[in-house]
Amino acid sequence: MSPASGPATSRSTIGAERSLPLGPLLGGCTVGLSISWNIANTGPVSPLLSAHYGVGLAVIGLLTAVMFFVELPMMVPGGRAIDRFGAKWVGLVAIGISLAGNLLLLAIADPYLALAARAFIGAGVGLGFLAGAIYAQLESVRGSVLASGIYGGASLSGGGLALVIVPQLVGAFGWRAPFVSAAVVAAVAVPLVMACPSTQGRVVGGRPRFATLLADGTLIRLGAVSAVSFGFSVIIGNWVVTLLERHAGLSRGAAGAVGSLILLLGIVSRPAGGMLARARSATTWRAVAVSFLVGALGTALLSASVSVPLDVLGTALVGMAVGIPFGATVAGAARVYPNASGAAVGAMNSYPVLAIVAGTPLVGLTFSMPGDGRIGFAALAILWAGAVAVIPYRLRLE
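Just so we're aligned: 222 in the numbering used here is position 222 of the sequence shown, and the numbers increase by one with no gaps anywhere.
Any given hint could turn out to be false.
As the list claims (entries may be wrong) - Computed beta-carbon distance windows for the label pairs: (1) Leu57 to Ser198: 24 to 34 Å; (2) Ala116 to Gly171: 35 to 45 Å; (3) Phe367 to Val290: 22 to 32 Å; (4) Pro191 to Val59: 47 to 57 Å; (5) Ile165 to Leu113: 41 to 51 Å; (6) Pro361 to Pro167: 21 to 31 Å; (7) Gly171 to Asn339: 27 to 37 Å; (8) Leu313 to Asp110: 11 to 21 Å; (9) Gln200 to Asp372: 20 to 30 Å; (10) Leu113 to Ala304: 27 to 37 Å; (11) Gly171 to Pro338: 45 to 55 Å; (12) Gln200 to Gly171: 43 to 53 Å; (13) Pro309 to Val390: 31 to 41 Å; (14) Ala254 to Met275: 26 to 36 Å.
Simulated from the structure, these hints should not be mistaken for laboratory data. The structure displayed is predicted, hence computed values, not measured ones. Note that the Cβ used here is the ideal one computed from N, Cα and C, for glycine as well.
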C-alpha cells in the first residue's frame, strides 16, 4: 500500500461509518414514531371515548394498559423474529398491525371489542419498538449508542405529537380522531420505511435459549436500569397529573402542562444520553448513576409536594434523568449477544415492560392510602436511588 493510499482509505472508512447508518437510522426512527403514536393517542379524548363506548374512564385507561400487557410476552419472540427476518421487515409488519387495528377501531362500538383491537395493536407496538431499536443502530460502528439515543427521542416524539394533534382533529372526526390519526401515520410510514435500506435476517447456530437470555446477569442489570428509567417514566407520567391536582392545587390543564415536561425533556435527554455515551464512553455508566440520583431527587420533590415551583423542578429533573440511560441500555444489550441482538434487546426490555404493568396500578393504589399518592412516589424515589447498585459499570459500549 502506498503512503498516499493509507489516508484515503482512512477517510473512506470514516465517511462510510458516518454515512451508512443514516438510512437505517431514519427507517428505525420512522418505525418508532409511528407505533408510539398508539401509546398516547387515546388519552387526550378520554371523555369522548367514554361517552361513545358507554363506560367509565377507568375502562378507557385500559385501552393503553392492555397494550403493555400484550407487549410483555412479545419481547423475546419478537426479538428472535428480528434476528431471523431482519429489523426492516419486522418493523413493516408492526406498522401493518397498527394500521389494521386502527382501521378496525373506526367501526367498533363495543368496548370489549375495542380492548381486543387495542391488544392486537399492542403486539405491533412491541414488535415495532424492538425492530426500530435494532434497525436504527444497523451498520453503526462507533455510533450505536448515539443511534439508540436518537431513536429513543424519535419514539417518544410519536406520543408527544399525538397529545398535540389528536385534540385538533376532534372537530372533524369526533371520537374517531385518535384512530384516524394513527392509521394515517402508519399509512405514511410504510412507503418511508420501504425506501430505507434492506436488512438481512440471519440464522445463527447455537442461538441463546429463552431461559439463558432471561437469566443472563448483564441483561438483568441492563433491564433493571431500563426498568427504573424508562419504566418509572411511564409510571410517573401516568400519575403525576393526579398528584399535582390533589397536592399542589393545580387545575387539570396546569397539572398536565407540568406533567408533560417528563415527555418533552425525555425527547431531548434520550439523544443527549447517546451523545454523551459516544463522546465519553468510559464514563457512560457513571453518568447513568448520576441520572439515577437526579431522578430520585425529582421524584422525592414530587412526593413531598412542598410548593408549585419545587413540583415543576421535580418534574423537570425526572424528565432530564429518564432519557440518559436509554441508548446505553439498548446498545449494551445488543452487544452482549451480537449474533442475537434482537432477542437480547427483547429480553432486556421485558423488565421495564413488567415494571410498567405491575407498577402503574400499585402506585395508583397508594392514592387510596394515607398521603394520597405520596407513598407511591416516595417508594419510586427510594427504588431509583437504590438501583445505582445494579449499574453494569464494566460493560464496554464502544
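Comparing the hints with the structure gives:
{"no.": "1", "hint": "Leu57 to Ser198: 24 to 34 Å", "verdict": "violated (44 Å)"}
{"no.": "2", "hint": "Ala116 to Gly171: 35 to 45 Å", "verdict": "violated (29 Å)"}
{"no.": "3", "hint": "Phe367 to Val290: 22 to 32 Å", "verdict": "holds (31 Å)"}
{"no.": "4", "hint": "Pro191 to Val59: 47 to 57 Å", "verdict": "violated (36 Å)"}
{"no.": "5", "hint": "Ile165 to Leu113: 41 to 51 Å", "verdict": "violated (25 Å)"}
{"no.": "6", "hint": "Pro361 to Pro167: 21 to 31 Å", "verdict": "holds (27 Å)"}
{"no.": "7", "hint": "Gly171 to Asn339: 27 to 37 Å", "verdict": "violated (52 Å)"}
{"no.": "8", "hint": "Leu313 to Asp110: 11 to 21 Å", "verdict": "violated (45 Å)"}
{"no.": "9", "hint": "Gln200 to Asp372: 20 to 30 Å", "verdict": "violated (54 Å)"}
{"no.": "10", "hint": "Leu113 to Ala304: 27 to 37 Å", "verdict": "violated (44 Å)"}
{"no.": "11", "hint": "Gly171 to Pro338: 45 to 55 Å", "verdict": "holds (50 Å)"}
{"no.": "12", "hint": "Gln200 to Gly171: 43 to 53 Å", "verdict": "holds (46 Å)"}
{"no.": "13", "hint": "Pro309 to Val390: 31 to 41 Å", "verdict": "holds (33 Å)"}
{"no.": "14", "hint": "Ala254 to Met275: 26 to 36 Å", "verdict": "holds (32 Å)"}
Hint check: violations occur at hints 1, 2, 4, 5, 7, 8, 9 and 10; the rest are consistent with the structure.
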